[in-house]
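Construct the entire structure; sequences and hints are all you get.
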Amino acid sequence: MYKHVALLVRQEGMSHGEFVEYWQTTHTPIAREIEGVVRYQTVVPVEPEDTEFDGIAELYFETLDDLHAALGSEGDRDYDPTKEVAAEARADVDNFLALEKRPRLIGEEIVEVDETDGDTTGLYKHSAFLVRKEGLSHEAFLDHWANEHVPLAREIPGVVRYARVEPTEPESAEFDGVAELYFEDLDALRAALGHESSRDYDPDHPKSLAAREDVENFLSIEDRPRFVGRETVQKDETE
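In the working numbering, the protein residues as written are 1 to 239.
Be careful, since some hints might not be right.
What the hints assert, rightly or not - As a list, the in silico DSSO-like pairs of lysine-lysine whose alpha-carbon atoms are at most 27 Å apart: (1) Lys-101 to Lys-83; (2) Lys-133 to Lys-101; (3) Lys-83 to Lys-235; (4) Lys-133 to Lys-207.
It should be emphasised that the hints constitute simulated quantities derived from the structure, not laboratory data.
In structure tokens form, the structure reads like this:
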């Protein structure tokens with residue numbers, strides 16, 4: 001499954017509440033109907049004042065061609081969709097988003113843990129937008145992530161779903177990947193991964209600590225945006 005993940009920043013002069021209202025009531029009904037979209041989910045921050053972005057929009061497609069036709073390619077923000085609803089959604093983003101401040105990633109999702117049966121509405125989610133450590137190639141980064149870090153992250157207490165998104169065109173991508181960890185309880189998320197207002201945390205549980213210590217081996221921590229929010233599945237036509 002191919003996925004477009006967009007970190008959203010509201011337009012200047014718009015409050016966070018106004019942004020969420022417009023996004024959920026005006027834009028989401030359009031985005032649900034974009035040609036080729038088989039799943040669409042939104043993530044709203046649990047504490048907007050401590051969060052780097054105003055929200056995350058995630059759209060899934062069965063083919064990369066369908067995704068590019070609707071949302072453009074990795075390196076192209078100035079695209080003109082040929083499909084009617086995709087064009088309508090593209091035009092509407094100018095009404096509430098600061099496009100030049102909206103990082104995004106197009107990639108393939110790899111699910112490492114899933115106890116949710118696809119029903120992630122209401123779950124708390126930690127999304128980490130990963131940047132590799134200086135001197136490490138993208139390929140070496142992926143190898144460490146998949147083979148060294150994933151076995152540790154799977155064991156973090158409270159994780160009910162863990163997915164990775166690897167960019168389809170790394171040379172044009174803004175990040176080396178996205179790590180998504182879901183929890184049923186916000187306190188469990190923060191105990192394992194820290195509070196969104198700070199990157200300096202020391203987990204008590206040994207398995208959470210092992211994963212925390214390993215990130216130093218392959219990530220540039222200060223260059224890694226992250227987001228803690230609550231997810232809503234807006235559309236799901238996946239099997």
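Original post:
Among the hints numbered above, which are violated by the structure, and what are their numbers in rising order?
Top reply: Those not satisfied: there are none.
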